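Number of protein chains: 2
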Amino acid sequence: MTGTAPPSASAPRRRGRGRPSRAEADSGPGARQRILEAARAEFAARGYDKTSVRGIAKAAEVDAALVHHYFGTKDEVFEAAVEMTLEPVQLVPAVIGGGASLDGVGERMARFFLGIWENPATRAQILALFRSAVTHEAAAKVLRSFVLRRVLERVAADLDVPDAHFRAELAASHMVGIAVLRYVIKVEPLASAEPEEIITMVAPTLQRYLTDPG
Amino acid sequence: MTGTAPPSASAPRRRGRGRPSRAEADSGPGARQRILEAARAEFAARGYDKTSVRGIAKAAEVDAALVHHYFGTKDEVFEAAVEMTLEPVQLVPAVIGGGASLDGVGERMARFFLGIWENPATRAQILALFRSAVTHEAAAKVLRSFVLRRVLERVAADLDVPDAHFRAELAASHMVGIAVLRYVIKVEPLASAEPEEIITMVAPTLQRYLTDPG
Numbered sequence: 004m005t006g007t008a009p010p011s012a013s014a015p016r017r018r019g020r021g022r023p024s025r026a027e028a029d030s031g032p033g034a035r036q037r038i039l040e041a042a043r044a045e046f047a048a049r050g051y052d053k054t055s056v057r058g059i060a061k062a063a064e065v066d067a068a069l070v071h072h073y074f075g076t077k078d079e080v081f082e083a084a085v086e087m088t089l090e091p092v093q094l095v096p097a098v099i100g101g102g103a104s105l106d107g108v109g110e111r112m113a114r115f116f117l118g119i120w121e122n123p124a125t126r127a128q129i130l131a132l133f134r135s136a137v138t139h140e141a142a143a144k145v146l147r148s149f150v151l152r153r154v155l156e157r158v159a160a161d162l163d164v165p166d167a168h169f170r171a172e173l174a175a176s177h178m179v180g181i182a183v184l185r186y187v188i189k190v191e192p193l194a195s196a197e198p199e200e201i202i203t204m205v206a207p208t209l210q211r212y213l214t215d216p217g
Numbered sequence: 004m005t006g007t008a009p010p011s012a013s014a015p016r017r018r019g020r021g022r023p024s025r026a027e028a029d030s031g032p033g034a035r036q037r038i039l040e041a042a043r044a045e046f047a048a049r050g051y052d053k054t055s056v057r058g059i060a061k062a063a064e065v066d067a068a069l070v071h072h073y074f075g076t077k078d079e080v081f082e083a084a085v086e087m088t089l090e091p092v093q094l095v096p097a098v099i100g101g102g103a104s105l106d107g108v109g110e111r112m113a114r115f116f117l118g119i120w121e122n123p124a125t126r127a128q129i130l131a132l133f134r135s136a137v138t139h140e141a142a143a144k145v146l147r148s149f150v151l152r153r154v155l156e157r158v159a160a161d162l163d164v165p166d167a168h169f170r171a172e173l174a175a176s177h178m179v180g181i182a183v184l185r186y187v188i189k190v191e192p193l194a195s196a197e198p199e200e201i202i203t204m205v206a207p208t209l210q211r212y213l214t215d216p217g
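So the protein lines, in turn, are chains A and B. Throughout, our numbering is defined as the position within the first sequence, counted from one, plus 3. Throughout, our numbering is defined as the position within the second sequence, counted from one, plus 3.
Heads up, some of the hints might be wrong.
Put simply, identical chains are the same to the list, so a pair is met inside one copy or across any two.
As a list, the in silico DSSO-like pairs of lysine-lysine whose alpha-carbon atoms are at most 27 Å apart [claimed, not checked]: (1) K77 / K189; (2) K61 / K77; (3) K144 / K77; (4) K53 / K144; (5) K61 / K144; (6) K53 / K77.
Worth flagging that the hints you see were computed from the coordinates, not collected in a lab. Everything numeric in this text was worked out from a predicted model, so none of it was measured.
Working from the sequences, and respecting the hints, build out all of it.
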């Protein structure tokens, strides 16, 4: 998650001799990453509805055609921005253990999710994404597909319980609900609780969902 | 939660002899309820940000001054609309039992919350409120205060565990997270699960939070 600033903000506007052509600058190795960063910033600042491919292109200082070339439609750009924002969440299967012992998996999962949210930069990006998904069905659809394919299906594959997808989602729902009350609505006492207090209480719940076949 | 339609949609525009004066029509017994219904509809349709006291007054066919008279500021109108929308949630303390046995309280609470969400009319109103709270801090503040004073404090008073507020909120967070994934983002398999499947899995979790001092 290193921030990649535009290599030179004024480059595409220079029109002198001996400088890279617009096409070259656009298709340079940094262009795709620059578009992606711009997309995430635009979606976060304006919300899903008010963000356009044209606006993203302008922010990234490239032609709109290049955005389409790399990513496709607005929904596909959004999907790429979601994947970038939720990159940490994609590590969940590794946290679960992937075939290793599931002892303590509830605590590892609770600690991992709270860690993502406790990082202010990550939190701001995920909150922006959450606001888009809650207010726009097209954004919800992208998030839905991501959560199912990139998180639940992978986690479920490592579990040894019936209805593993359902149980993985129940565990996830608890962490989502805690995030909503703690970081979005900010209801006390959860809003000010120490992460360790939350982890201690929640870990046995997640452990039961993920490992107890009863 | 009976819907009260304006008694006569055209009344305030009539200017003939022998009809009620504008002031009389405005301050009739139905006016307060009519304003409240209009407020809820406006907040639901436009979101917190784009709703104004003037717009609510227009929809209720009263003077804006009457809205201020009954409710005060925009935030106070919003608060009244929240209380109306979350009227069913205020029954939670009764569901908990109020001094009666806490046996089975986890199941009762899970069943009660899912019941509220499974009612399409209630769901639509709560979703609209949730969208406002997630996107506007002023709306979040009203919801935050409501959840704390009207739900958590009352539930906690009936529990016999340490950190009763915290535990009541953890239980609530689980039901909030389930609602977000099931009804808002609509992630499978939770989105299509039978309510009874969810209640069976979740009840022991809520029971532990609300009653197990360990």
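Hints and how they fare:
Proximity of K77 to K189 under the C-alpha cut-off of 27 Å is restricted to the inter-copy arrangement: shortest distance 21 Å between copies versus 32 Å within a copy. Proximity of K61 to K77 under the C-alpha cut-off of 27 Å is restricted to the intra-copy arrangement: shortest distance 14 Å within a copy versus 37 Å between copies. Taking the shortest Cα distances, K144 and K77 sit within 27 Å of each other inside one copy (13 Å), while across copies they are farther apart (33 Å). Taking identical chains as interchangeable, the C-alpha atoms of K53 and K144 lie at most 27 Å apart whether they share a chain (17 Å) or sit on different chains (25 Å).
In the homo-oligomer, the alpha carbons of K61 and K144 lie at most 27 Å apart inside one protomer (26 Å), although the nearest pairing across protomers, at 36 Å, exceeds that limit. In this assembly of identical chains, K53 and K77 lie within 27 Å of each other by CA distance both inside one copy and across copies; the values are 11 Å within and 26 Å between.
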